[in-house]
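Trainee: Residue strings, one per chain:
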Amino acid sequence: MLDIFERRVRDKRVVTEQLTLLQQAGRTRAPMADHHCDLCGECVAACPASAISIEGDWSVDTGKCLFCGDCVPVCPRDAISFSAEVPAVSQRSSLVLRRNVPLPELKFQLREEARKVLGRSLNIREVDAGSCNGCEVEVNSLSNPIYDLERFGIKFVASPRHADMLLVTGPVTRNMLPALLKTYRATPEPRLVAAMGACAISGGPFGGTYATGSGVAEALPVDIFIPGCPPHQRTVVLALLEALGRL
Amino acid sequence: MRYYNVELLDSLPFPPFGYEERNGRLHLSVPDDLLRPLVSHLVRKEEGELSSLYHVPGENKVMALVLVPRHGIVVLESVLEGEGYPSLTPEVPAANWYEREMMEMSGVVPLDHPDPRPLHLHEWPRRAHPLSPSFDKAAKVPFTGEPHHYRKVEGEGILEVPVGPVHAGVIEPGHFRFSTAGEPILNLEVRLGYVHRGVERSLEGCPLNRALRLVERISGDNGVAHALAFCQAVEMANPVPERAQLLRCIYAEMERIYDHLGDIGGMATDVAFAVPAAEASALRERMLRLNARLTGHRLLWGAVAIGGAARDLDQEQRDLLEGAMVELGLAFEPLVDSLKGAPSFLDRVETTGVLSLPMAKDLRATGPVARASGWDRDTRRDFAYGAYGRLGFLVPVRREGDVLARLTVKVEEVRESISMVKQCLDHLREGELRSEVPAPEGFGLGLVEAPRGELAHCAHFKEGKIVRYKVRDPSFCNWPTMERAVLGNIVPDFPLINKSYNLSYAGNDL
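First to last, the protein sequences are chains A and B. All residue numbers for the first sequence refer to the numbering used here, where the first residue is 1 and numbers rise by one. All residue numbers for the second sequence refer to the numbering used here, where the first residue is 1 and numbers rise by one.
Because the hints were derived from the structure by calculation, they are not lab data. Cβ coordinates follow ideal geometry from the N, Cα and C atoms, glycine included. Take these hints with a grain of salt, some might be off.
To be verified - Chain B is faced by these chain A residues, among others (derived, beta-carbon under 8 Å):
(1) 68
(2) 74
(3) 131
(4) 132
(5) 211
Build the full structure now, drawing on both the sequences and the hints.
Mentor: What follows is the structure, encoded as structure tokens:
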């Protein structure tokens, strides 16, 4: 173990990264069509999540989007690329990205009371309500030495009794619903709820069966929607900091 | 390719109704009352493994998939005459959970089943069966209010400790019911199903491109393995371009590497050994970023496609990958040394959570869990698929069956995977990325060694459409074995044992 310390000291390596500067690589950005798009509808047919619509103009619902990239190769005009900033917002309807329409100025309308009470710190209880564990992989990565979430005063706690916010993943399965509601009731007020990932926002690929609901908003009032499948660390942290009024 | 041996047919205690060879598999059709003796014979006398057991409601038949490494893959099908058939569980204990699942999901009755309680559906009405055609896929079923009956341990000083489904760490939901006397665990019952999303029913009639995206998300950190099994089932032994096979192999091994790094770090976390834990999670993060740079997705989703691979690696990416594998190899060894050189760590992991070999065989453990208990099985070698036949690799096996053995197996598998990725890069030649695959018809099988063990997808197609899709995640086999491995250990060691298994709740519950 000492040799690891030794190497660290020798390298003088700073491991943590400034998240606000972190570039998103690959399909962690949201898909967007550019001016070449002539609304032919090929991407609508190819989208496995029915997230794309061409009514009016090209738009994508990032609350449903699986970030799979199936829309890119089918486009005859090469108009779609993963280029848009992923919006994390407090209103479900603002997750729909339209071509040539900028994101809303005011992304979060959190209760003043919560902001006053929480100040600069946030304790999160993560609840898996039927996720595939992809979101858990990414939530766990948030605590690694590279993202090091605790330096922002945000940490994951073991009990809802200690939590200010529930970070819920998954479409809310029938079998998890009672446990989710109990966890919510055990969280002291003022409490926030964040829905993380396509399943938690819209039910995703699993929503609407005999065993699942279609997202957290059906069961609880949601304050923050964090899109992605799974959401990138940058999206999560920026959403949390912005919601707390710290950016 | 001919997998099975005529000797296997000769060895059967009685001739089956009919047999045929399909895509190298031996398909036997048997009457329902002979299913039990036949499967029992294959498992006990021929060292076979019960790999899957399920019901097809449309044709009212029970399918059993048995892997016999000496001979090949045997698929038994038995059309039921009524609603029931003699249960396999009394003679083949590994069939227990499969039959409980069949009872609730499609209403089949395995007669004389020793434990006919529901498995994954909570407080569910007895007459509703999600896989039966008359059941509405989107039906909202209210809770019956009937509590689950746990196995009771009674006596003076016996304490019942309920844990979950919401745990202290960031993990998936499941309920553990411990019965303890003092600190040692006398009994553990794992109750799962909290993540049951109705995957199998959702897949029925689902278009194939949509199904692939759904299958990738059955168990997120095994996404490549599930996608690969799905593609194998759809491709039905139609040829896949060589380049695509090698790329698939690279992605599958990359997945194994990041999964195992997470497990190794997790075991250090669970004994509060912070430095190697941080080191392992930083290494894992490096691999996840590498994944994103190679395929555009940190968890490698979307890298595999039906008929080949969806993401190609250009020269720059190949160099990047090769360099990263060399660096990983160099950074990995000090991490392992710091774990294995710490007596306080070894004290926690040695002789903790022992799974004996007979138990592993009876309950049919798979993957690193089975190999850590001395059972030398690996799908990549025994039923080589894709490019694995061309690669040289060792299958690490330990005999102790404790947490340290599982850790060691995973450590050695990371080394083998690094070597396999390098070999694949050496073999990689220019060529096609995908081939056209005809619409599937009949029975398709996907058999893949996922990071957690052998993964089986059994698909039934009709006119290119999925009519029944059975997913059997390796965790489904390994959960019952963990109930045994914790016995006699103290409750504070449970998280460590659980982490050394690192089972998927989502893959198990479906």
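Trainee: Now look at each hint and say whether the structure bears it out.
Mentor: Do the hints match the structure? See the list:
1. 68: Status holds, d = 5 Å.
2. 74: 10 Å, violated
3. 131: 7 Å, holds
4. 132: 4 Å, holds
5. 211: For residue 211 of chain A, the interface hint holds, since the closest Cβ of chain B sits about 4 Å away, which is under 8 Å.
In this structure, only the earlier hint numbered 2 is contradicted, and the remaining ones agree with it.
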